[in-house]
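**Q** Protein chains in written order, with the numbering used here: chain A, 1 to 170; chain B, 1001 to 1503.
Calculated directly from the structure, the hints in this document are not laboratory data. Only a predicted model underlies this, so the values are computations on that prediction, with no experimental measurement involved. Note that the Cβ used here is the ideal one computed from N, Cα and C, for glycine as well. There may be inaccurate statements among the hints.
[Claimed, not checked] Subject to a maximum C-alpha distance of 27 Å in a straight line, what follows is the list of computed DSSO-like cross-link-like pairs (lysine-lysine):
1) 2(A) with 28(A)
2) 1354(B) with 70(A)
3) 111(A) with 1354(B)
4) 146(A) with 15(A)
5) 1439(B) with 1201(B)
6) 1439(B) with 1166(B)
7) 155(A) with 1354(B)
8) 1120(B) with 1439(B)
9) 2(A) with 111(A)
[Said to hold, decoys possible] Stretch-level coverage of chain B by chain A, calculated; a stretch enters the list once three of its residues show a Cβ under 8 Å from a Cβ in chain A:
10) 1356-1366
11) 1377-1390
12) 1410-1424
13) 1456-1464
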Amino acid sequence: MKFEVHLDSVTGKTKHIVDLEKDGSSYKVSLDGQPVPADVILAAPNAVSVILNGTAFEIHIAPSLDGTYKLQTGPHEFQADVRDPRAWRGRKAGALEAEGRQQIVAPMPGKVIRLLVNAGDHVEAGQGLIVVEAMKMQNEIRSPKKGKVERLQAKEGQAVNAGDILAWVD
Amino acid sequence: MFRKVLIANRGEIAVRVLRACREMGIPSVCVYSEVDRTALHIRLADEAYCIGPAPSRESYLRIDRLIDVARRSNCDAIHPGYGFLAENPALPRACTDVGITFIGPSPETMELMGSKTAGKQLARRADVPTVPGTDDPIDTPDEAQSIARNMGYPVVLKAVAGGGGKGMRVITDDEAFPSAWRDASSEALNAFGDPRVFLEKYLDSPRHIEIQIFADAHGRVVSLGERECSIQRRHQKVIEEAPSTVVTPELRRKMGEAAVRLARAGGYVNAGTVEFLVDANLNFYFLEVNTRLQVEHPVTEQVTGLDLVKLQIAIAAGARLPFAWETITPRGHAMEVRLYAEDPDNNFFPCPGKILARRIATGPGIRLDEGVYRGWVVPLEYDPLLSKLIAWGNSREETLARLRRALDEYTITGIRTNVSLFRRILAEPDFLRGDIHTKWLDELLARPRPPAVPPRPETEAAAAIAAAYWESIQPSGSSTAQIPSPSSRWKLDGRRSQLDRQP
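Kindly produce the complete structure, drawing on both the sequences and the hints.
**A** The following block contains the structure:
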């Protein structure tokens, strides 16, 4: 399977094509068209172990609100935007867009301070839906896709926990 | 010994006290607010009771509810931990009223030693050096100036009614005195409606060094040596170590004796900490007394081999201190860092949230005191302290190497932590030399950060491979995995056949 990986770190932005081909219980890996001697496994929850040409890396991965991943290894941090071939079909103008009915959940405990849309509104991918405040910081929660706000569960002033469903977009 | 102990706290300190009780074979009772139902101290508890909603005013600060739980669960002692009610004399008073032992000093001692002004007066009576100054307002500028000359510059003028730096002037030489006097008193008048000022010796870049004391109810008071706590961010301690790099055996003896004198003068019983400011010439001045266990107590435990919490419980139960204070000399070196759920890149804003994964630091010379676990959501209602990572070794160098190694091992995924702050401090030559003072960290953070070490190309390649692999193992359409409401079976069937066409 081919992936387009956009990495962002202190050294700037780079793009890599990673091809992972299942080979028994492991993978044949090629990076930017070149086969590389890499062994990659899931070592623990949210921790990927990569042994690249004998050098061992443990990379800790957490999803971000915007659908990218936050990677950490030692003192280094990367933001990775991975474009999956499975999602390429319906993509417009290079933006990664979710498909199907999407649940919008609170990413952190906090308080809903503003609703930016109403149930039934048509929204664009990336459009702000709801503003949640946590520790005096306001976070706009955006729509992962173009579609219609099916249901708006959140109410202004409501306290929410991480994982609470705020709305659905279809 | 006690029948049962109520732990009137939460987080890592509740876990710490619970462990001490368990080692002593004493059953314990934990309390929790509604958001803390899943907290680690409750998972580990023998008995647990909810004491109210999330805001601490309605739960952890409710003396009536704590006393009620203690009585219902048949406790005969309460350990307050630190923070919350630990220094509130109303809790020991309420305990006395119902015949429960408070594990700490008496309410009278708390009032006498806990307040800054009362503590300073007691220190003077006990012949403990305080920052030289007048305390009382001075009437005329001439009188003030002659006091300043006798005291020696730099001095600082402070508003009697003051606070927040208003009406405060640091004066470095005699010539600047008259204008500083005018500025300070007019500023004090504008800010507080009271122009009176007093004079204190100004300590330039002092260290914060504190003495751990212990006193039993039979008149024995001991000093367990010092902790160096000069690494502070806006007056909050960030790193603590023992011994201090500047404290000689002679200074340790003098500071220890002063702290013991003060504790005796105040009739102190149980664990306490006497905080001092230490200037460049190693003169020490009394700052204040903390009438409780400190966050940084593990540092003293590591270099003395004592368990301070068990000692607290034993002393509250009437036990005698089992040693003469001369026998306690620090062995080796210990250092603690306080890991917080906060974002060092965003002004240290608290970042509560769910801990997706953790890799824990262990191995030689490492201790982790904490109240967190994988899958737990750090609540936003309380202090976001996650873990205290403590390293010890035979020398300061070995301790630093172990701490660095442990900070590399310890990773938390899902929330931001201040770990990068410690990486930065532990690379600073001043810190490594022990050349620090209470404003050192604030000055460091005001300077531009050294450029981050760029990742090597292999690291970047590994990151790209890991990201692609991670994506490949996510369940297909994971964000849409929830079962859609069956609004239309036609729609569902259509979707299913679409999925079947996937290669």
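**Q** Which of the stated hints cannot be reconciled with the structure, identified by number in ascending sequence?
**A** Number 9 - this is the single hint that the structure violates.
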